[in-house]
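Participant: Residues per chain are reported as follows:
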Amino acid sequence: MTEQAIIAGCLQNDVAAQRELYNRYSPKMLSVCYRFAQSREDGEDMLQEGFIKVFTQMHTFQNKGAFEGWIRRIIVHTCINFLKKHKKFNESVDLAYADYIQVKEETVPSIMQARQIIECIRLLPLGYRTVLNLYALEGYSHKEIGQMLDIEESTSRSQYTRAKSMLENILIRKQIIEQPKTEFNWLASIKK
Amino acid sequence: MGNDMYQDELEQFLQDEVKDHRMYPSDKIWRNINAEVNGHQRWPALSFISLFIISALTVSTLLNINPSQKLLKANSLRQADPKKLPLQDLKHSPNDFNATAPSDLTANTIANLKRKGNPLEPDFTGLEETPVIALDFSKRAEPITVLKTQSAHSNKQALVQETAIVIPMGSLASKELSIEKLNFLAEMNDQATMSAGNTTTESHDQEVVLPTEQTVEPAATKAIKDQQPTDQFLQDFAYVPPTRIEKGKNSKFGFGFFITPSTSYRRLTDDKAKDLLGAAPASAPVGLNYTTDVNSIVRHKPAVGLELGFAVLYNMSNRLKFKTGIQFNTRQYYIETFQASTDITTISLVNNRGVENMSVFSPYNNNNGYKSTQLDNKMYQVSIPIGFQYDVIQGRKLGITAEASIQPTFTLNKSLYLLSTDYKHYANGNSLMRKWNINSAVGINLTYKTGAYQWYLGPQARFQHLPTYSNKYPITEYLMDYGIRLGFIKQLK
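Protein sequences appear in the order of chains A and B. Here the first sequence is numbered in our numbering, starting from 1 and rising by one per residue. Here the second sequence is numbered in our numbering, starting from 193 and rising by one per residue.
Possibly wrong hints are sitting among the right ones.
[Stated by the list, open to error] Straight-line alpha carbon distances no greater than 25 Å define the calculated DSS-like cross-link-like pairs of lysine-lysine that follow: (1) A:Lys28 to B:Lys682; (2) B:Lys211 to A:Lys174; (3) B:Lys682 to B:Lys627; (4) A:Lys64 to B:Lys664; (5) B:Lys444 to B:Lys515; (6) B:Lys464 to B:Lys627; (7) A:Lys174 to A:Lys143; (8) B:Lys627 to A:Lys28; (9) B:Lys220 to A:Lys85; (10) B:Lys444 to B:Lys682; (11) A:Lys28 to B:Lys220; (12) B:Lys627 to A:Lys53; (13) B:Lys211 to A:Lys84; (14) B:Lys685 to B:Lys641; (15) A:Lys53 to B:Lys220; (16) B:Lys211 to A:Lys143; (17) A:Lys164 to B:Lys211.
[Stated by the list, open to error] Not everything, but these chain B residues come out facing chain A in the computed CB check (under 10 Å): (18) Leu202; (19) Leu206; (20) Val210; (21) Lys220; (22) Asp485; (23) Asp583.
[Said to hold, decoys possible] Label-pair distances were calculated between CB atoms; the ranges are: (24) A:Ser165 to B:Gln207: 17 to 23 Å; (25) B:Ser551 to A:Ala8: 39 to 45 Å; (26) B:Leu249 to A:Gln4: 35 to 41 Å; (27) B:Gln531 to A:Lys84: 52 to 58 Å; (28) B:Tyr526 to A:Lys64: 44 to 50 Å; (29) B:Arg223 to A:Gln38: 22 to 28 Å; (30) A:Glu41 to B:Phe520: 40 to 46 Å; (31) A:Ile7 to B:Leu604: 50 to 56 Å.
Bear in mind the hints are in silico, worked out from the structure with no lab data behind them. Predicted model only: the values in this text are computed from it and were never measured. C-beta: ideal position from N, C-alpha, C; glycine also.
Put together the whole structure using the sequences plus the hints.
Facilitator: Set out below in structure tokens:
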């Protein structure tokens, strides 16, 4: 089934088309939700809310950009709203806190690197994690992040800087990346 | 979303590694979304069970009306006429004959006795008739008139004719009446009949003091005290004084047999497979099908199974019974697939060490082949149901019981095919079969008593709580049986 056929089917409330859309995009979107969420259950709740919005707001899709991008934006906004609604933000964590985060071995399954990295991201405090997810992985600017999270643009920048530093420490301690010898040899230091 | 210019190496690294990562949600999420977007699906079985319960309740209620309720209904009709007295439950009151037969001798009957007229053709002209209880007039029935004190405020008596109270000629009660009393009653009856012939309402206002209860009661009381229904009338109506009923004390134990034709369904979940294997395409032969729900890939059809059992019951209370026994089960379902050239396929097993792949031969392909075929996944099981049965409604004949049990189950023999990890093949799965399992069953039955046996019939559902295969196999299968149970229970003496 082509993407256009899926969209047309969903606009007519065709369950088969909706199922196809869900099957096609839900795995990626759950991964997005999981990065924002405190637990897998929260992630699934976000996914559920997000897809309900996708199906009910399908008529607002105007074929101007990628369909996946449109779905992704809805899912990300749903995640942010979910976190706001459940007051799970914990802002202004000091950078020094990163040194005391215990990276528990058992919390990071040794299945694959992507999953390990996601688990490392999830070790960050929620505020840091959200900014990092939005900026580094979802491509939002600090201005947009500030509007989404109701914070100053500068706050978003500072949080991102701290989040990045904290994540770097965690990844090094998990031996996913090596301690960089110079400032600019990041990619070369990635463990294969 | 314009931060592309500021991407550094860490961001690039994260994007490369994480952006295409997939996680597979449980099927429950889709069901919730579907229910939210398209409304809840109706479950036909629920409608069927509801209809069955409502029908059973209606039938059992209609067939088990307590006779005292009929009297209440009659009394409520009589209340419209304040001159009438409430009727009594002649059949179930312990003082049936004290309350009715002696005092309800009618002047009409006595007049008939005196005149030796035909008792089966009484003269009701001008008298009000009110049916009291349905007795068979073809059996020596004689209509009588009841004399009762009507009003506590006035010193009058009313003559009210009641049609169905019968005292046969030559009965014990009638023999007790002296000739003087009979004459007196006959005169009174004549007066009352004349009055009634003029104006019916006046006949109700006439009041006569008749000490009938004092005169007749001793005879009836004697009859009750004797507890011997020697009178043909009493024998005809099978009257047995309640105090004389000596029931043998039943044992608290009973036993029964049952048979349940059923159909088996299954539900597959592959969350574990998707989580552990889907994320590691290099270590497991994951197919394209992994993005879809496993239930939409397999094609299975329910097949007829059977449960056959022996049950032992212990009465814990009047309504609650402990129930156990032994039960043999055959449960099966068909898998539609294709016969293909024998191929090597992989079954991935998940254990503490990680993922292990097991290569097996398979002549069956889920997607294509040279002919379609049907695999029969069949199991023979023995189980020990342990549960309770509760009598929701206890009628004289009909009733409704609900039962629930938990069933440790051992699989005796099996012939099973399981899905390979790439969802493309079916392979022999006997070695991964779980020997012991736990099932539970619930059911509701319509019961019918015939002598010492209680037969029952009703829908039953049985659920398997542990997956069919061992925990190593990442696709979990749960079986459900729906059937109709027929059986009987015999209470031991």
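Participant: All the hints need checking, so say for each whether the structure fits it.
Facilitator: Structure-based check of all given hints:
Straight-line distance between C-alpha atoms of Lys28 of chain A and Lys682 of chain B comes to about 61 Å, which puts the hinted pair past the 25 Å bound. Taken as a hint, the Lys211 of chain B and Lys174 of chain A pair is honoured in the structure, with Cα atoms around 20 Å apart against an allowance of 25 Å. For a cut-off of 25 Å, the pair hint linking Lys682 of chain B to Lys627 of chain B is broken: about 33 Å separates their Cα positions. Annotation: proposed proximity of Lys64 of chain A to Lys664 of chain B is violated, straight-line Cα distance about 47 Å (limit 25 Å).
Between Lys444 of chain B and Lys515 of chain B the CA atoms are separated by roughly 12 Å; this keeps the pair inside 25 Å, and the hint holds. For the suggested pair Lys464 of chain B and Lys627 of chain B, the alpha carbons sit about 21 Å apart, so the restraint of at most 25 Å is met. Pair hint Lys174 of chain A plus Lys143 of chain A does not hold up; C-alpha atoms about 32 Å apart against a cutoff of 25 Å. Between Lys627 of chain B and Lys28 of chain A, the direct Cα distance comes to roughly 38 Å. Violation of the 25 Å bound is thereby established for this hinted pair.
At roughly 23 Å between alpha-carbon atoms, Lys220 of chain B and Lys85 of chain A fall within 25 Å of each other, so this suggested pair holds. Distance hint between Lys444 of chain B and Lys682 of chain B is fulfilled; the C-alpha atoms sit about 11 Å from each other, no more than 25 Å. Taking the CA atoms of Lys28 of chain A and Lys220 of chain B, the gap is about 17 Å. The hint holds against a cut of 25 Å. Note on Lys627 of chain B and Lys53 of chain A: the hinted pairing is violated, with a Cα-Cα distance of about 45 Å set against a maximum of 25 Å.
Simply put, Lys211 of chain B and Lys84 of chain A have alpha-carbon atoms about 24 Å apart, close enough for the 25 Å limit, and the pair holds. For the suggested pair Lys685 of chain B and Lys641 of chain B, the alpha carbons sit about 16 Å apart, so the restraint of at most 25 Å is met. A threshold of 25 Å between alpha carbons decides the hint, and for Lys53 of chain A with Lys220 of chain B the separation of about 17 Å falls inside it, so the pair holds. Restraint check: the Cα-Cα separation between Lys211 of chain B and Lys143 of chain A comes to about 22 Å, which is no more than 25 Å; the hinted pair holds.
For the suggested pair Lys164 of chain A and Lys211 of chain B, the alpha carbons sit about 17 Å apart, so the restraint of at most 25 Å is met. Residue-level restraint check for Leu202 of chain B holds (minimum Cβ-Cβ distance to chain A is 6 Å; threshold 10 Å). Checking Leu206 of chain B against chain A: minimum C-beta separation of about 5 Å stays under 10 Å; hint holds. Checking Val210 of chain B against chain A by beta carbon gives a least distance of about 6 Å; that is within 10 Å, so the hint holds.
Against a cut-off of 10 Å between C-beta atoms, the interface hint on Lys220 of chain B holds, since the closest Cβ of chain A lies about 8 Å away. Taken as an interface hint, Asp485 of chain B checks out: its beta carbon lies about 7 Å from the nearest beta carbon of chain A, inside 10 Å. Against a cut-off of 10 Å between C-beta atoms, the interface hint on Asp583 of chain B is violated, since the closest Cβ of chain A lies about 42 Å away. A beta carbon spacing of about 18 Å between Ser165 of chain A and Gln207 of chain B agrees with the range 17 to 23 Å that was offered as a hint.
Judged by the Cβ atoms, the range 39 to 45 Å given for Ser551 of chain B and Ala8 of chain A holds: they are separated by roughly 43 Å. For Leu249 of chain B paired with Gln4 of chain A, a C-beta distance near 54 Å fails the hint of 35 to 41 Å. In this structure the hint that Gln531 of chain B and Lys84 of chain A lie 52 to 58 Å apart at CB holds, the actual value being about 57 Å. Our hint of 44 to 50 Å for Tyr526 of chain B and Lys64 of chain A holds, since their Cβ atoms are close to 49 Å apart.
For Arg223 of chain B and Gln38 of chain A, the Cβ-Cβ distance of about 23 Å falls inside the hinted range of 22 to 28 Å, so the restraint holds. Between Glu41 of chain A and Phe520 of chain B the beta carbon distance is about 41 Å. The supplied range of 40 to 46 Å therefore holds. A hinted range of 50 to 56 Å holds for the C-beta pair Ile7 of chain A and Leu604 of chain B, which are about 53 Å apart.
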